[in-house]
Amino acid sequence: MSRFATMFDRLAARDEHAFVPFCVLGDPSPDETLPILLALCEGGADALELGIPFSDPVADGPTIQAAAGRALDAGTRPQDAFAIIARLRETQADIPIGLLVYANLLEARGMDHFYRRAHAAGVDAILVADVPTAEAAPYLKSAAANGIDPVMIATPNASDDELETIASMSRGFTYVVSRKGVTGTKVTAGTGHHTTVRQLASYGAPPALVGFGISTPEHVRSACSSGAAGAISGSAVVRLIASAQGETRHRALRDFVSEMKQATR
Amino acid sequence: MIGDGRFGEYGGMFVPQILLPALEQLETAFLDAQSDDTFAAELQELLEHYAGRPTPLYRCRNLCSDTATQIYLKREDLLHGGAHKTNQVLAQGLLAKRLGKSRLIAETGAGQHGVATAMVGAVLGLQTCIYMGAKDVARQRPNVYRMRLFGAEVIAVENGSKTLKDAINEALRDWAASFDHTHYVLGTAAGPHPFPTLVREYQRVIGREARAQILEQLGRLPDAVVACVGGGSNAIGIFADFIDDSEVALIGVEPGGEGLDTGKHGASLLKGRTGILHGTRSLILQDEDGQIQETHSISAGLDYPGVGPQHAALQASGRASYVAIDDDEAVRAFHTLSQNEGIIPALESAHAVAHAMRMAESPSAPAALIVNLSGRGDKDLDTMIARQDAMRKEGS
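Protein chains in written order, with this note's numbering: chain U, 891 to 1155; chain E, 5 to 400.
No wet-lab data here; the hints were simulated from the structure. Treat the hints with care, since some could be wrong.
Label pairs and their in silico Cβ distance ranges [what the hints assert, rightly or not]: (1) His1009(U) to Glu13(E): 49 to 55 Å; (2) His1009(U) to Ala390(E): 33 to 39 Å; (3) Glu298(E) to Asp905(U): 33 to 39 Å; (4) Ala181(E) to Asp905(U): 51 to 57 Å; (5) Ala1034(U) to Glu49(E): 51 to 57 Å; (6) Leu385(E) to Ala1035(U): 33 to 39 Å; (7) Arg1088(U) to Glu52(E): 51 to 57 Å.
Nothing here was measured: the structure is a model prediction, and the numbers come from that model. Backbone N, C-alpha and C define an ideal beta-carbon position, used for all residues, glycine too.
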C-alpha cells in the first residue's frame, strides 16, 4: 500500500483528518530546508507537500512566488530539491511526500526522467500545477510507469463530467481548491469545496485534501467538516519560514503545525 | 473543447485546472462569432471607420531602389493606435461583450498592447486593467500615461524579472480569480488554446489585404513576405493567407539583441528549446533545468522568451524560415527607412525592414517582397535619443 493510503487509513481508524504543510524546497536556501522539514514533521505533519522552485509560478500568489524567488536566488536546482528529499527520507521513512511543480521542469529533461528521479528520491505523488485534465494523459502514463501517483486538482467551477475525469485520473489524493484564484491567504478559504468533495467521493476519487487560503485552525476544521480527508496549508507556513531564523523559526513551525494538527482531531 | 490547439507538436493549454472552463467558454464564443454575420459586420465597421482599415500597401520609392528588389510595405503603422495590435484587440473586445464580461485585463511589455486594450476598453465601455512589469512602467512612461488617459488602471508588477513575462503571469493569476466577469485580452498569438488561433484569425486581415493589394499592384504574388517575430502576432497575421502559396517565402525576423552568441537576445525560434510557458508548448529561452531566461532586445515589443506555437510548427515543417537581426542593424534600418521614405518604423518592424534590405542586397535578390510594417516608431524616440546620448558620451 502506498504511503498516502497507509496514512489515510491510519487517520480514519482514529477518526482524525490529515494536516499537510507546504513549503518550497530551497527556501530560503538549500542548506536550511532539511531542518525546516524536520521541524514540520516534529510538529505533527501527517504528510508533506513540497514545491520545486520555478521562475514563473502562475498558480501561486505573492507569498509562494517570493519563496520560489528566494530559493532560486540561493541557487536551488531540481537536483538539490531531490537531494533534500533523499536526506529527509533517511530519518522519515514513512511520511507521505507530494510534490507541487510546473510543467516546464518536467519538460526540460523529459517527464520520464523527472518522475524517475523523484521516485528515487522518495517522492510519492506529484501535482503539476499547469497541467489540467485536458493535457494530463502523457503525464499520467509516465507517472504510473515510474512509481509516482499523479495528483489532479478539483476546482469549484468544474462540471460534473470534469469532476468525474479528475476522480478517475487522480492517485494518492485529490487536491481540492476551495475557491478561485491562486495560492495565498489574502482571500481565505471558501466553502465551495463541500459539494466538490461529496461529488468526488461519489465518483470514487482518492481522499480529498483541501488547499488554498488555509491559515488558521478554524479553516482546518471547516475543511475537514466537508468530508475531506484533511487540509493543506502553504502560504502561512512559508510566511513563518520567512519571518524567523534558526531555532526560532523551527519552534514557530513546530508550534504552528501542532496547533493546526490539533484542529484535525 | 472542440480543438486541442495543437500545431504539430506545439501548442496546447497548459494552464491551472481552474482556467480550463474559461478557455472552453472562450473557444465556444470565438467559434460562434466566426460564423455570425452580425459580429463580423460590427467588427468590420469598427475596423473601417474607427481604426482606418484597409491600410495601404506602399511600394518604396527609394529604399533599395539601386537593387533589383521592389520592397512593398504593409502600412499597419497607419492603423489607429499606431500598430497592428488594434485589429485583434477590437475583435477580442467585441468577443468579451458577447460573453457578457464587463472588464478587460491585459499584459503589456512596451505598452503598445496595453494602450490598444485601454483604447478599446474606452470605446466599448469596458473597465480595463493593464499589468505591466515595474521595469517597463519606469521606462515607458508616455504609454503608461496614455493608458491612464484612456481610463485604464495600470498595475506595476514587482515580481520576478519585472518585465513582460511577469506581467503575463500576473494577468493569468488575475484571470484565475476573475473569469466570471473578466476577459483576458492576450496580446499575441501565444498562450493557451484558443488564443494562438483566435489572435491569428483576428490578425489575418493584414495578409488578406496585402495579398489582394499586391495582386492588384504588381499583378502577381510576392517572392517573400517578411515580418518581425516577438510573440508572433503580426507575422502570423500577414503569413496566414500566404501559407498555401508555396511559391511565397515566409520569413520571420527575431530580435538578435546584442548577438545570438551573447545570450542577450530574444530569438526563441533560433536559440530556444521546446518547453512550456504561459499555457503553450513552444520554443522557449530557458536554462538546462527549465527556468525561463530573461531576454534582451532594443525593441521592447520583441523582448519575450517564448513564441507563438504556430511559428514553432512552421519552422519545424520548413514552410517558414526564421532569421535574426541584432540591435545595431535594426537601428540602422530605423534610420534608413526614415531618411529614404519619410516613414519612422517601430523598432520591432525595423528588424523586418533590415532583413528585407539584406535580401535586396544579396546575390539572389528577390524581385518583390512585402514587409509588414507592423507599427510606427514615434514611441521609440525616447529610446533612440537615449541611445544617441550614450554614444556621444562614449565618443567624447
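(message) 49 to 55 Å was suggested as the range; check whether the CB atoms of His1009(U) and Glu13(E) agree with it.
(response) violated (26 Å)
(request) Given the hint of 33 to 39 Å, check if His1009(U) and Ala390(E) actually sit that far apart at their C-beta atoms. (result) The hint (33 to 39 Å, Cβ to Cβ) is violated, given that His1009(U) and Ala390(E) are roughly 53 Å apart.
(request) Can you let me know if the beta-carbon spacing of Glu298(E) and Asp905(U) is within 33 to 39 Å? (result) violated (52 Å)
(request) Kindly confirm whether 51 to 57 Å is satisfied by the beta carbon distance between Ala1034(U) and Glu49(E). (result) 54 Å Cβ-Cβ, so the 51 to 57 Å window holds.
(message) Assuming the hint says 51 to 57 Å, is it satisfied by the Cβ distance from Ala181(E) to Asp905(U) or not?
(response) violated (35 Å)
(request) Starting from the range 51 to 57 Å, see whether the pair Arg1088(U) and Glu52(E) falls in it by beta-carbon distance. (result) For Arg1088(U) and Glu52(E) the Cβ distance comes to about 54 Å; the hint holds.
(request) Check the following: the C-beta atoms of Leu385(E) and Ala1035(U) are separated by a distance inside 33 to 39 Å. (result) violated (57 Å)
Against the hints set out earlier in the document, violations occur for numbers 1, 2, 3, 4 and 6.
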